[in-house]
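K.L.:
Quick note: the sequence shown uses my numbering, first residue 31, plus one each step.
What the hints contain is simulated information worked out from the structure, not anything from laboratory work. Treat the hints with caution; some may be incorrect.
[Stated by the list, open to error] Simulated DEER-style distance windows between Cβ atoms: (1) Ser-34 <-> Asn-96: 55 to 63 Å; (2) Ala-105 <-> Arg-35: 35 to 43 Å; (3) Ala-83 <-> Lys-129: 20 to 28 Å; (4) Gly-91 <-> Gly-115: 20 to 28 Å.
[Unchecked claim] Capping the alpha-carbon separation at 30 Å, the derived lysine-lysine pairs in DSSO-like fashion look like this: (5) Lys-82 <-> Lys-60; (6) Lys-60 <-> Lys-129; (7) Lys-84 <-> Lys-116; (8) Lys-69 <-> Lys-129; (9) Lys-130 <-> Lys-60; (10) Lys-87 <-> Lys-69; (11) Lys-116 <-> Lys-87.
Just so we're clear, the structure is a prediction, and the values are computed from it rather than from any experiment. All residues carry an ideal CB built from backbone N, CA and C; glycine is no exception.
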Amino acid sequence: MKSSRRTFLIGSLGVASSLALSRQGFAATKLEESDPAAKALGYTHDATTVDKAKYAKYNPGEHCGNCQFYGGGTAEFGPCPLFGGKEVSIHGWCNGYVKKA
Numbered sequence: 031m032k033s034s035r036r037t038f039l040i041g042s043l044g045v046a047s048s049l050a051l052s053r054q055g056f057a058a059t060k061l062e063e064s065d066p067a068a069k070a071l072g073y074t075h076d077a078t079t080v081d082k083a084k085y086a087k088y089n090p091g092e093h094c095g096n097c098q099f100y101g102g103g104t105a106e107f108g109p110c111p112l113f114g115g116k117e118v119s120i121h122g123w124c125n126g127y128v129k130k131a
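Input sequences plus hints: build the corresponding full structure.
P.N.:
See the structure below:
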């Protein structure tokens, strides 16, 4: 069967719109402090609330925004490979913190 240009264009538009809509369904989820991985690494959304007695490694000024693992640039939330790509707060902190080089 011979395909026409019109059939091709209609099909292409359908595929393109489906892909655009499906991207919304794959948005990364924000990491909750109650998540088992977050608890294991002492993650908090606000680095100023870190329990310094429990996490002696913490130094004031450390936060996800200046951590090697933070993948969000200057965005308020960004993916972190330590938590399976879930989004962490730029102001957050965890015991896996590594200062950007």
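K.L.:
Looking at the structure, which of the earlier hints fail to hold?
P.N.:
none
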